[in-house]
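**Student:** With the hints as your guide, set chain H with the ligands onto chain Y.
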Amino acid sequence: MIGAGVPFGAEQRLLPEWIPLSFFFVSLACLPLGWILLFLQAENIASFQGGFGPVLAALHTFTIGVVLTTAFGASMQMLPVASGAAMNRPIGVILLLVLLLSGIGITLGGFAHYRPLIASWGAALLCLSALLYALMLVRLLIRSANLKLVRNHVLVGALCLLLAAALGAAMILNWAGLISFNMPNPRLVHAGLALYGFMGLIVFGFSRIMVPMLSVSDKTNDRLAIWGLLIALTSLLLWVGGFFKIAPIVALISALIHIYEMFTILKGRIRTRLGPEWTVIRFGWIMLPLSLLLVIGAQWTDNKANITELSILVAVLGWLVSFIIGILQRIVPFLLSMQIARQTGMPELPSKLAAEKLTRIIGPLHIAAVGVTGLAIIMDNSLLLQFGSLIGLVSGLSFLTFLIIAIKRKRLSLEKMKK
Amino acid sequence: MRLSQILHEEHQRTLTVLDELDGWRGKNKPDDIEQIKGLLTDLIDVAQSDITEHYAFEEEHLFPVLRMNGADFMANMLAGEHQMIRPIAQELSAMAQKAIETGFDDQSWQSFQELSFDFIGHETFHIQKEEMGLINAINSLFTPEQEAPLIELYKKGS
Ligand SMILES: [Fe+2]
Ligand SMILES: [Fe+2]
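For the protein sequence lines, the chains are Y and H, in the order given. Mapping of the first sequence onto the UniProt record's numbering: residues 1 to 419, in sequence order. Mapping of the second sequence onto the UniProt record's numbering: residues 1 to 158, in sequence order.
Just chain Y, same shape as in the assembly:
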């Protein structure tokens, strides 16, 4: 009478805990690191044109160090847990971790020190990790009957990742003189595919599982989400096709649809008291359309007043990193609690593992950091940019501390429960 797989049963869904924690640890270590790099490069940010060098390294500390790493870790662990898909073999995920980490380290090093050959090695590793990730993701999606909420988003997202990775690698190899690569506006296409194509669609898709789960709501709207995805796909195609003025306008419609769905989910939740982490999540949601408005502004005004730099800041730190900061504050204690349950049969309340005082400052400090650095870019003031970076640094370090405290509390609670 019963189908082969129960979409349930977390013991087949939990990776050994060090694997997801390593992803998240790296991500949270890159967060303060990125702010330090931003601090050090404050004088060069305003003149940043996307060329190789330390500023590009700082940017990629956030994009691949924080965002991509979290996306990889969360996909491999949270998709199975939240949706009941059978997970990938741990050895595959470990390989992914190794490829990603070495790729990030080597690529960033190559960027920062103007070493094209080294960056080429890093790019090769990152491309391999993207390929492995895409394969494992497709495998996960195929084997689960229950992932229809995210399947389409994630598939398109994975495709964008492969394209963005290939394009990034091509630019690096070109820089190294290993290939000769000619394409109009490769940076813009790479950035659009990576930020809005891959990361955006992964966030769109995941939010449809994570936000209802964390807020205990069932107000998802599948039809609307499919429309949003189709519109997003259209805008990505326009962007890749070089219609830079039209594409972000179309993307804005898709973004507004997503945000509408998210706020509807929150509004329809059963439990009304939301923790402090939701402030920074909501802030992130608002930053998404703002970033697109800035992209539109940049494209229609030929980048007056550093508006491109501002749009990148708002998209990466305002939208994506804010969302990650908020969601990870919930995911980490949740996963640790499930690990306790795996060993003792009884989970600990996630709220007991979360350092509450820190959750009250991490989000607000991050928001302040985004605000101050954004203002600094508008005013072209490097001192203010440094000040904003310091605020971000404190937020990032607080979050790293939050993670370490949660792991410590988990150990204590495990000892207590075993007695």
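Simulated from the structure, these hints should not be mistaken for lab results. We treat Cβ as the ideally placed atom computed from N, Cα and C, and that holds for glycine. Honestly, I wouldn't trust all of these hints.
Claimed, not checked - Dumping the calculated DSS-like pairs for lysine-lysine here, alpha-carbon to alpha-carbon at most 27 Å:
id	chain 1	residue 1	chain 2	residue 2
1	H	27	H	37
2	Y	304	Y	352
3	Y	304	Y	357
4	Y	352	H	37
5	H	98	Y	267
6	H	27	Y	357
7	H	29	Y	357
8	Y	352	H	29
9	Y	418	Y	408
10	H	27	H	98
As the list claims (entries may be wrong) - Every beta carbon over 10 Å from chain H, so not counted as near; a handful from chain Y, in silico:
id	residue
11	22
12	33
13	43
14	81
15	170
16	173
17	273
18	279
19	290
20	300
21	337
22	342
23	350
24	355
25	382
26	405
**Tutor:** Frame of chain Y; chain H with the ligands shown alone:
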């Protein structure tokens, strides 16, 4: 109506009461017991029907099916949580009952609050996990025909 929907609606009902209860977090005791009497009555209702009917139904009819399908860990964990929540809910109901009759004093308000937040924490987390997996699982584990007698049984019990 599908079985999953019935259970889901009961979860919602419980969470609604828990949410109202949560509204009293950190507040002083009500000046007049009438201010909170409706909530206390709902709380007793929900706590009693949860820990008797709802939990028992899940334990007798759903968890065994989960176990048969290899989800022992989840079934055991959810059942374990029931065991843990039962005495909390029982004591909380007794406190609420007593308060309806004789009101709160500072001491009893304090212990009522502490226990309330224990109850809210554990029950919310429990429902959150069931909503994640169990509710979807039921739909794929039972056809509407298979679950019809279960629904009958459940309705009779309540
Ligand atoms: Fe239950
Ligand atoms: Fe239940």
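**Student:** Examine each Cβ of chain H, and state whether all of them lie more than 10 Å from the Cβ of residue 405 of chain Y.
**Tutor:** At about 19 Å from chain H, residue 405 of chain Y clears the 10 Å cut-off, so the statement holds.
**Student:** Beyond 10 Å from chain H, beta-carbon-wise, is residue 355 of chain Y?
**Tutor:** Answer for residue 355 of chain Y: holds, closest chain H Cβ roughly 16 Å.
**Student:** Taking only the CA atoms, is the gap from residue 27 of chain H to residue 357 of chain Y under or equal to 27 Å?
**Tutor:** 20 Å, holds
**Student:** Taking C-beta pairs only, is residue 337 of chain Y more than 10 Å away from all of chain H?
**Tutor:** Its Cβ does come within 10 Å of chain H, the nearest being 8 Å, so this is violated.
**Student:** Just to be careful, I want the Cα atoms of residue 352 of chain Y and residue 37 of chain H compared with a cutoff of 27 Å; is the pair within it?
**Tutor:** The hint is violated at about 30 Å.
**Student:** If you draw a straight line from the CA of residue 27 of chain H to the CA of residue 98 of chain H, is it 27 Å or shorter?
**Tutor:** 20 Å, holds
**Student:** Could you grab the alpha-carbon distance between residue 29 of chain H and residue 357 of chain Y and see if it respects the 27 Å cut-off?
**Tutor:** Answer holds: residue 29 of chain H to residue 357 of chain Y is near 26 Å, not above 27 Å.
**Student:** Examine each Cβ of chain H, and state whether all of them lie more than 10 Å from the Cβ of residue 350 of chain Y.
**Tutor:** Residue 350 of chain Y not clear of chain H: closest Cβ-Cβ about 7 Å, inside 10 Å.
**Student:** Are all C-beta atoms of chain H more than 10 Å from that of residue 33 of chain Y?
**Tutor:** The claim holds: residue 33 of chain Y sits with its nearest Cβ about 34 Å from chain H, beyond 10 Å.
**Student:** Take a quick look at whether residue 27 of chain H and residue 37 of chain H sit within 27 Å of each other, Cα to Cα.
**Tutor:** 16 Å, holds
**Student:** Between residue 98 of chain H and residue 267 of chain Y, is the straight-line Cα distance small enough, at 27 Å or below?
**Tutor:** At roughly 35 Å apart (the allowed maximum being 27 Å), residue 267 of chain Y and residue 98 of chain H break the hint.
**Student:** When you look at the beta carbon of residue 22 of chain Y, is every beta carbon of chain H farther off than 10 Å?
**Tutor:** Holds: least Cβ distance 23 Å, greater than 10 Å.
The structure does not agree with the numbered hints 2, 3, 4, 5, 14, 17, 21, 22, 23 stated previously, though it agrees with the rest.
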